[in-house]
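From first to last, the protein sequence lines are chains A and B.
The C-terminal residue of the first sequence carries number 57 in this note's numbering, and the numbering is unbroken.
The C-terminal residue of the second sequence carries number 815 in this note's numbering, and the numbering is unbroken.
Keep in mind that a hint or two might mislead.
Away from chain B, derived, C-beta distances all over 10 Å, residues of chain A [said to hold, decoys possible]:
(1) S6
(2) R9
(3) R10
(4) R11
(5) R13
(6) V35
(7) A38
Have a look at the derived ranges for each label pair, beta carbon to beta carbon [what the hints assert, rightly or not]:
(8) A:S6 x B:I271: 54 to 64 Å
(9) B:S337 x A:V37: 54 to 64 Å
(10) A:G28 x B:Q381: 52 to 62 Å
Derived list of chain B stretches under chain A, where covered just means 3 residues or more per stretch with a C-beta under 8 Å from a C-beta of chain A [to be verified]:
(11) 121–135
(12) 229–243
(13) 286–292
In short, the hints are calculated from the structure, not lab data.
Nothing here was measured: the structure is a model prediction, and the numbers come from that model.
Yeah, the Cβ is synthetic: ideal placement off N, Cα and C, and Gly gets one too.
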Amino acid sequence: MPRSTSGARRRARLASAAAVIALVLGYGDLAHGGVVVAPLALVIGYVVLLPAALLSH
Amino acid sequence: MPPAAPPIDLRPSYRAATATALGVLALYVVTLAPTTAMWDASEYITAAYVLGIPHPPGNPLFVLLGRVASLLPVGGIAYRVNLLAAVCSALAAGVWFLVAERVLAQWIRVRWVQIAGAVLAAVLSATAFTVWNQSVVNEKVYTVSLAFFAVVSWLTVLWCDDPDGRRADRLLVLIAYLIGLGYTNHPAGFLVGPAVAAAVLVRRPRTLLRWRLIAAAVLALGLGLTPFAFEPIRAAHHPALNEGEPTACADGFALGCTLSDTTLHRLMDNVNRVQYGKPSLAERQACDPGNEPPCSFVEAFPAQLGMWWLYFKWQWFRDPHGAQPWLQTALAVLFLGLGIAGGVEHYRRDRASFWFFGPLVFTVTLALVYYMNFKYGASQAPELADVPREVRDRDYFYLWSYSAWSVWAALGLVAAWRALAGRAGEPPRWRATAPVLLFGALPLVGNFRAASRAGEWAPREWAHDILDSVEPYGILVTGGDNDTFPLWYAQEVEGVRRDVTVAVTSLLNTDWYARGLMRRPIYEYDAAAGPAVYRGRHWTRPTTPILSLTRAELDAVPEYLDVRQPLLFQQGNIKAAIDPRRLEFGVPLRSDLLVLQMLKDNIGVRPLYISRTTAGYANALGLGDYTILQGLVTKVATTPVTTSPDTMAVSGAGHIDVSRTLALWKGYGAPEAIRRRGDWIDRPSAGIPALYTVTALTLGEALAEQGRAAEAQQVRERGMNVAEAAHIMDWFVGATPPPPTPAAGSDAPPGTTLPAPR
Chain A
1 MPRSTSGARR
11 RARLASAAAV
21 IALVLGYGDL
31 AHGGVVVAPL
41 ALVIGYVVLL
51 PAALLSH
Chain B
58 MPPAAPPIDL
68 RPSYRAATAT
78 ALGVLALYVV
88 TLAPTTAMWD
98 ASEYITAAYV
108 LGIPHPPGNP
118 LFVLLGRVAS
128 LLPVGGIAYR
138 VNLLAAVCSA
148 LAAGVWFLVA
158 ERVLAQWIRV
168 RWVQIAGAVL
178 AAVLSATAFT
188 VWNQSVVNEK
198 VYTVSLAFFA
208 VVSWLTVLWC
218 DDPDGRRADR
228 LLVLIAYLIG
238 LGYTNHPAGF
248 LVGPAVAAAV
258 LVRRPRTLLR
268 WRLIAAAVLA
278 LGLGLTPFAF
288 EPIRAAHHPA
298 LNEGEPTACA
308 DGFALGCTLS
318 DTTLHRLMDN
328 VNRVQYGKPS
338 LAERQACDPG
348 NEPPCSFVEA
358 FPAQLGMWWL
368 YFKWQWFRDP
378 HGAQPWLQTA
388 LAVLFLGLGI
398 AGGVEHYRRD
408 RASFWFFGPL
418 VFTVTLALVY
428 YMNFKYGASQ
438 APELADVPRE
448 VRDRDYFYLW
458 SYSAWSVWAA
468 LGLVAAWRAL
478 AGRAGEPPRW
488 RATAPVLLFG
498 ALPLVGNFRA
508 ASRAGEWAPR
518 EWAHDILDSV
528 EPYGILVTGG
538 DNDTFPLWYA
548 QEVEGVRRDV
558 TVAVTSLLNT
568 DWYARGLMRR
578 PIYEYDAAAG
588 PAVYRGRHWT
598 RPTTPILSLT
608 RAELDAVPEY
618 LDVRQPLLFQ
628 QGNIKAAIDP
638 RRLEFGVPLR
648 SDLLVLQMLK
658 DNIGVRPLYI
668 SRTTAGYANA
678 LGLGDYTILQ
688 GLVTKVATTP
698 VTTSPDTMAV
708 SGAGHIDVSR
718 TLALWKGYGA
728 PEAIRRRGDW
738 IDRPSAGIPA
748 LYTVTALTLG
758 EALAEQGRAA
768 EAQQVRERGM
778 NVAEAAHIMD
788 WFVGATPPPP
798 TPAAGSDAPP
808 GTTLPAPR
């Protein structure tokens, strides 16, 4: 497998995992009434990490 | 032999685009509102701050972004959320730079000319009146949508460049995701969808047969819609703003109640905006004078197109007081022509991106005019006295249209530049003919004063003034947007007079709003922060809820009482005969019943006030003999009001509490804020400054009756200064001045299906 393809896959997996973690953290904190971590995590998850994951897949 | 033309260079100038976006952002920051504004600004700023749920569909993505913006360590909360609008629009301007540069690269090989044309597109789109005006205060969620439009546009242009390339499929999946995500900011997020579909269909139709890719795109679209999950989860915590209350959980989040049918039903009602009851598209709304909606397409569509054209004229030179209508029309014709010329050049020079951008302009212009199906605009055809009208000007719904049109207008201006440069010599003399681009600066110059919100403090002051008019722990009945949302902002964001319970009648007709009022904590009155007139006296904090009803009794209050005969309301010393014919809908609504219930439950506990923006609501409830004017509000007394040395009867205004009103008047901040600004935001909300002037004239008359001529003159002068600054002197002077309009326009839902008239 070419090195660049393998690197891209790793980045894609990393971005996807980070997105999932951000969303789980965000919704979890939201469910507990959080008003600081929840919006930060959800915005990072939806606006930064998920697009990055989709673009790198 | 002439030298060969340089090859086409499609590399985007990201650095120049970034610099342009930063320049636009600087312009917006200079003209940024320092605080809240009229209409929906206060609602959205409050929603962002309390991580709440604004009116349906609830705009969860905006709330999340707004909340993050509110955490920025710069300025006040409102300023931070306003900054979000500015950043989104500046981002859009930077992306329009890239789109315009991409088109120009196919056509003009001189790099700096491409960049100049792209800067022109960014500046024109950023300084079109509605774009600019909406970018310097977060009045709505539309600037976030604009950023999504622009980003999706750029991604689609990239896809069109290389539809079979290595990253083409990923781009399409990302576009689908962003369209879904944009929808969770506002349903307009879907408007870009047809243009993407058209581009795919024209550029590479077989893409639509690749089912795996289509399935991935649909999944991504669905993923983009998941922020709607925010609504029921957050609603379960019952934040201060919880419109639609999309949850079945009464006491905090739990999986059982969140995953219930009731929650799903309420959430879907919110997402689908059921409470607004939008008429079908076949029922056209902009009907001829004397005709009630619905009417035919042939009758309505020209007027609806006329509304778009009216606001189109505003874009290039906003002339709010009609001082130079010919100049405004001439500029509109110029920019219409430039836009058409730019569209034609776009078609000729870059067919691939045209088949995205052309359908986009069509969708956000003609298709949107048809879909929105508005009544006559608030400022449209003022000579037509008896046509149904929108409560306010709706130019913001066409923000995307004017923004996209600006890109074409810039391309049209570059075409004119190209023609001039070609005529001036060969090779084209670009530098010598560059001054033609100065036409693109006309909106920047012409709109600066009207679009800028710098120094606009009056809405915040208005909120403080009206709250301070209410005695500690009072209930204030309001009517709509402008006498309610700024108060929410003042209470929930600035912490001002939270002891006052604001009850807005238009929302009392829904089932969720009264439940929220019942849940609201009873806040302690802060005497040190309150007006001096309430000091030196003990105010007892109520211990009972605002309504004595149980949750089941509250939910059982009917939407209306189908009675046409006068009703008698009696409680304590109050005896009020309610004539349903005097009520707005001819029958007592749920809101009327709940206001009377509040009066009944709070005699001796909480004073009840009715905002004077509600245009005679107290009289319609038969409470006229019990009302006394105190500043900007009317207090409902518990015994009939009689004349005394300090309680004067003023013709046409009823009784006025002279010393209280004078003390309040001296502390009001909005008159000075309006005078300093020298204008008011728009005519449909000018009932607010008019209320100050009316109050001053009434108070002046009472003071004159008391023989306090100098004070009377001073108060009247200050009141008329407000009218002059707000450009509403025509409401107060002249042979037959029209009466001031009610101050509180409302987009709020009726929430009630009324019985057929007998």
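Checked hints:
Separation of A:S6 from chain B is adequate, the least Cβ-Cβ distance of about 15 Å exceeding the 10 Å criterion. The claim that A:R9 is not at the interface with chain B holds, since no C-beta of that chain comes within 10 Å of its own (minimum 13 Å). No beta-carbon of chain B comes within 10 Å of the beta-carbon of A:R10; the shortest separation is about 16 Å. Every beta carbon of chain B lies more than 10 Å from that of A:R11, the smallest distance being close to 13 Å; the non-interface claim holds.
Against chain B, the non-interface label of A:R13 holds: every CB pair exceeds 10 Å, the least being about 15 Å. Interface exclusion of A:V35 from chain B breaks down, the closest Cβ pair being 5 Å apart, not more than 10 Å. Residue-level check failed: A:A38 sits 8 Å from the nearest beta carbon of chain B, not beyond 10 Å. Distance hint check: the CB atoms of A:S6 and B:I271 are about 28 Å apart, inconsistent with the given range 54 to 64 Å.
The beta-carbon spacing between B:S337 and A:V37, approximately 44 Å, falls outside the hinted interval of 54 to 64 Å. Range check, A:G28 to B:Q381: about 58 Å between beta-carbon atoms, so the 52 to 62 Å window is met. Here the region 121–135 of chain B counts 5 residues with a CB under 8 Å from a CB of chain A, which clears the bar of 3, and the coverage holds. Check on the region 229–243 of chain B: 5 of its residues sit with their Cβ under 8 Å from a Cβ of chain A, so the three-residue criterion for coverage holds.
With 4 residues having a Cβ less than 8 Å from any Cβ of chain A, the region 286–292 of chain B passes the three-residue criterion, so the hint holds.
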